[in-house]
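K.L.:
Sequence:
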Amino acid sequence: MRPYVAGDQAALYDVCLLTGDSGSDASSLYAVPRLLGDVYVGPYVAFEPELATVLDDGAGDGVGGYLLGCLDTRAFEARCEAEWWPVLREDHPLGSAPDESADARLVALIHSPPIAPDHVVARHPSHLHIDLLPQWQGGGWGRRLMERLLAQLTEAGSPGVHLGVGRANLRAIGFYERLGFTVLDDTSPDALFLGLSLSH
Numbered sequence: 008m009r010p011y012v013a014g015d016q017a018a019l020y021d022v023c024l025l026t027g028d029s030g031s032d033a034s035s036l037y038a039v040p041r042l043l044g045d046v047y048v049g050p051y052v053a054f055e056p057e058l059a060t061v062l063d064d065g066a067g068d069g070v071g072g073y074l075l076g077c078l079d080t081r082a083f084e085a086r087c088e089a090e091w092w093p094v095l096r097e098d099h100p101l102g103s104a105p106d107e108s109a110d111a112r113l114v115a116l117i118h119s120p121p122i123a124p125d126h127v128v129a130r131h132p133s134h135l136h137i138d139l140l141p142q143w144q145g146g147g148w149g150r151r152l153m154e155r156l157l158a159q160l161t162e163a164g165s166p167g168v169h170l171g172v173g174r175a176n177l178r179a180i181g182f183y184e185r186l187g188f189t190v191l192d193d194t195s196p197d198a199l200f201l202g203l204s205l206s207h
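If you want this note's numbering, it's the 1-based position in the sequence shown plus 7.
Honestly, the hints are just simulated from the structure, not real lab data.
Keep in mind the model is a prediction, meaning the values are calculated, not measured.
In this text, a Cβ means the ideal position worked out from N, Cα and C, and glycines have one as well.
Treat the hints loosely; a few may be bogus.
Said to hold, decoys possible - What follows is a set of in silico ranges between Cβ atoms, one per label pair, in the way DEER data are often shown:
(1) Ala13 <-> Thr194: 33 to 43 Å
(2) Leu177 <-> Ser34: 41 to 51 Å
(3) Arg151 <-> Thr189: 30 to 40 Å
(4) Arg151 <-> Pro196: 24 to 34 Å
(5) Ala53 <-> Ala158: 16 to 26 Å
(6) Asp193 <-> Asp64: 28 to 38 Å
(7) Asp197 <-> His126: 10 to 20 Å
(8) Gly147 <-> Val39: 30 to 40 Å
(9) Gly164 <-> Asp125: 18 to 28 Å
(10) Ala13 <-> Pro40: 13 to 23 Å
(11) Arg185 <-> Pro105: 32 to 42 Å
(12) Pro10 <-> Gln142: 35 to 45 Å
Using the sequences provided together with the hints, build the complete structure.
P.N.:
Structure representation (structure tokens):
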């Protein structure tokens, strides 16, 4: 477990793709493999690399997982709108991917990024993404990654952190609930917002 360094980006993109189907390999779903990483990894390591942690066995076998964090969701959304999404919109115009494809859904998201609900960020302004390859799951690494980020966010003064998780990803939901996360919003048919208050 170590801090992110600039040379890790490609490996993190790979992990994102290999876990991008509710924790399973999404490689077969995307015609443009890096698109998933461009959405869910790139802006975090570009804008808040100090809150990114990497799992690396140190034996040269590559990166096994990561945790990405954001201190202030509203500020992050604004920076993405100003600095991250415009380039991707030029590279991936609406209609550039086949209708109903996984790529098309990501292209639509790039052009109309989701905004976290006000009632979620009011008391839980930080957010995170965590992904571990299957061989790294179940050994306590996810908990260690989370504890590291939660300590960083607490030290930075955040009152709470949230995350989004697909309803179908029952294993992930159970993992977060064991860490103390509770449901903040369940209005989406596909996903839940979970949150955890941070003590100071």
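K.L.:
Checking against the hints above, which ones are violated?
P.N.:
2, 3, 12
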